[in-house]
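Participant: As they're listed, the protein sequences go chains Y and W.
Here my numbering is used: the first residue of the first sequence is -6, the next is one more, and so on.
Here my numbering is used: the first residue of the second sequence is 445, the next is one more, and so on.
Please note that a few of the clues may not be correct.
A few chain Y residues that face chain W, going by a derived Cβ cut-off under 8 angstroms, partial list only [unchecked claim]:
1. His16
2. Val17
3. Val19
4. Thr21
5. His22
6. Thr23
7. Ala24
8. Leu26
9. Ala28
10. Asp31
Calculated from the structure, these hints are not laboratory results.
Just so you know, even glycine gets a beta-carbon here, dropped at the ideal spot from N, CA and C.
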Amino acid sequence: MSGRSYALNSRVALEGDGETEDHVLVDTHTATLCACNDAAWRILFALRSGATVDELVAQIEAEYEVAPDAAKADVLDFISRLSAMGLIDEA
Amino acid sequence: MKPDKLRVAISGFDGLDVPHPGGPVARALRESWPGPIEIHALGYDPFMTGAWMGGAADELHTLPDFTEGDAVLLERLVALTSRFGFDAFIPTLDLEIPVIARLAGRLEAVGLRTLLPSPEAVYATSKLRLPKFCHDHSIPTPRTIHVLDQGDLPLHADQFGYPMFIKGTVAGAKRAANVAQATAAARTLNRTWGGGVLLQEVIEGEEYNVAAVLARDHSISAMVSIKKVGVNEKGKGVMCTVVDDPAIERHAVSILEALDWCGPVELEFVLPKGAKAPSLIEVNCRFPSWILLSHWADCSLPVVLLQEILGQRPGARVKARPGTSFVRDIAETAVPLAQLDRLARFGSVAGQAPAPTANRRADPDGLAVAVTGVSTLDVVNAGLGVARALRMAPDMGRLYGLGYGTYDSGLYRSELFDATFRLPASDDPGALYDRLAAIHGDNPFDVVVPSLDGEIPRFIEIADRLEALGVATLLPSAEAFARRGKDRVFTDPPVREPAGFAIPDTIMAKSEVEATEASSALGYPVVLKGVISHALPASSAGEVRAAWSRLREKGCAEALVQRFVDGERFAVSAVCDRASEPVTMLTIKKLRICDRGSTWSAISVPQPALEAGFADFLRALRWVGPVEGEFIRDEVTERFHLIEVNPRFTAWIAFSAHLGINHPYAAVRAARGLPVIAGTAAADLVFMRSCEDAPITNSAFAAIATKGALKHA
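Please put together the full structure from these sequences, using the hints given.
Facilitator: Take a look at the structure:
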């Protein structure tokens, strides 16, 4: 799974307000909103053009002081949730 | 010579809390038509509140009621077109569309162009005919039957099964959980619209609407889909978002292709959980009231319609930007009485100039104030009026809005508030204090003005702690607050026989049986009131049972049964200082109220005897702070009857600032121990309120939902 590449589905819109750092994922089919923290926002941004799990884990490790195993677990959990909502596709 | 400016006539600027689409259509054209445009608002009543808002219309004109016949309406439209040079007419009311469609050829002959479906097409998808249309085209739709004779309703309702929607033949719908509710709802709707009522199966699910413009060749010129994200008690979308769900759009296109249609149209759907295809609830032969959202989503359907009307075929179909959202709010203004009178007498008058751009710059030395009650979800909260009035005061500092829900529209009004915050939805006064203290820590304020009945006891409880924090309040004692409650003020009033007004006979009921017995004892009609809110009139034992059932649904364990007084409605707003002395008073007569009893138009009418009597009443009550007395003047005896004492500002209180006696400003100064200069109210102004949609960003919504705070740039 680590080498698989994922990309955001076209139904996803990302809205960010740079000034207040409020970031939101919008499911344009259902109008569902997900407020995103900084880490989620970085992953979503990377997924816009497609990324592998390994690439995402590396990015999280580089940005935050987090153990590799924890970073990978968090990324996989996040990918799994996005997948369940139909918001990412395997590239 | 044809003038350069395009002159467009639009109808439907009324509707109060269920707004007609004319105002949003006008605003969309004003903001997105690529060229000079003049808007002429047409209405059947001078009190078309939406048309009176600043900048809404260049001219206002009244039309004869279309029930007077086609010839009378045609004559008026031809005369207006000849005088003002209308180029196009966009009617937006369900009942007038078939009439205007019948007249379309003759209107076009004098240069007034429209684009409307034929009367036959409208009839084929009317509420009465929609089940057949759906059956013929295999379109899912809720089970619906038409009951013409009200005497048959209980039998049909019991056989149909509960819950159900009772719908009027033209508009209006009420959910009914039992036969008493169904019968009462049917009576009301049939009285309004005639032709019996429809019983419709309730389908729970997410609501989607699709608006479109179809060209003369019946092709789809443009289409916008939205989802109702926030829905109020009446089922109206108070927050909606543009979506691009291919399944919804495919379904909508197949229905639009089955319609024999040209012009604007709205399809209303509900998507049951797990279902693939949505059920078609209604087909409306006009734009929806949320149509301004299409403009914000860069696909202005009113512009597309006007282009089609004028024969300027729009270019490639533009797709609306998904994720674009609005929240429904209100706008208020004061109109010179002479202007209203001129419209009523002469049929035409110039519109109001656009309001000056709000100046939100705070006076660094001014008082900073936090205000609660900033929602318009079901009823218009008073905090919005308080904030508007304070914005009109001369030396105000920063202004903060405090709300409880993410759909509180005021939280997103950047022209009113410097920042907004969510308060805990908890009965615990400690939690309220902690949140206020935290907000005050980062954003200090001098005064807090609570504006909701239910929260005031909690504010009374923490007032001393707030004072120690440096935050002043102007609130009554807990005893005074309790004594003005509906459960005590009528049965144990502070003044037994007040001067200037009477206290109506009232009986407390704790069961349906007690309510019907009380009604029999008082004689019909009566009104049943919840202790906190809600008031329902009843003219028979059956209607009393229905009203009792409705109040129980709203969480009311008991009800006041009161003799119904018919007549004009008045209200007296006052602010009492810490010695319970009214420092300012203002009486208004209500000119337009919605079915919830909220005031949408009013005029100041000084009533010295009533005000003196109410002042004595407040002194006896030992009241401190803002308060509103609501009265009905008996149409036979001319005597005022007290119907409610509200322990806070009234929602129309911004009108006091327009009149030059700014009550919220007086309260804020009194709270800080500053002198209050009582003024004299300006005469001959009429208060007007209208619904107004405001665009919001999803990040702002998310900020309120997750962080409970939003700073406005």
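Participant: To test your reading of the hints: which numbers does this structure violate?
Facilitator: Violated hint (a single one): 10; every other hint is consistent with the structure.
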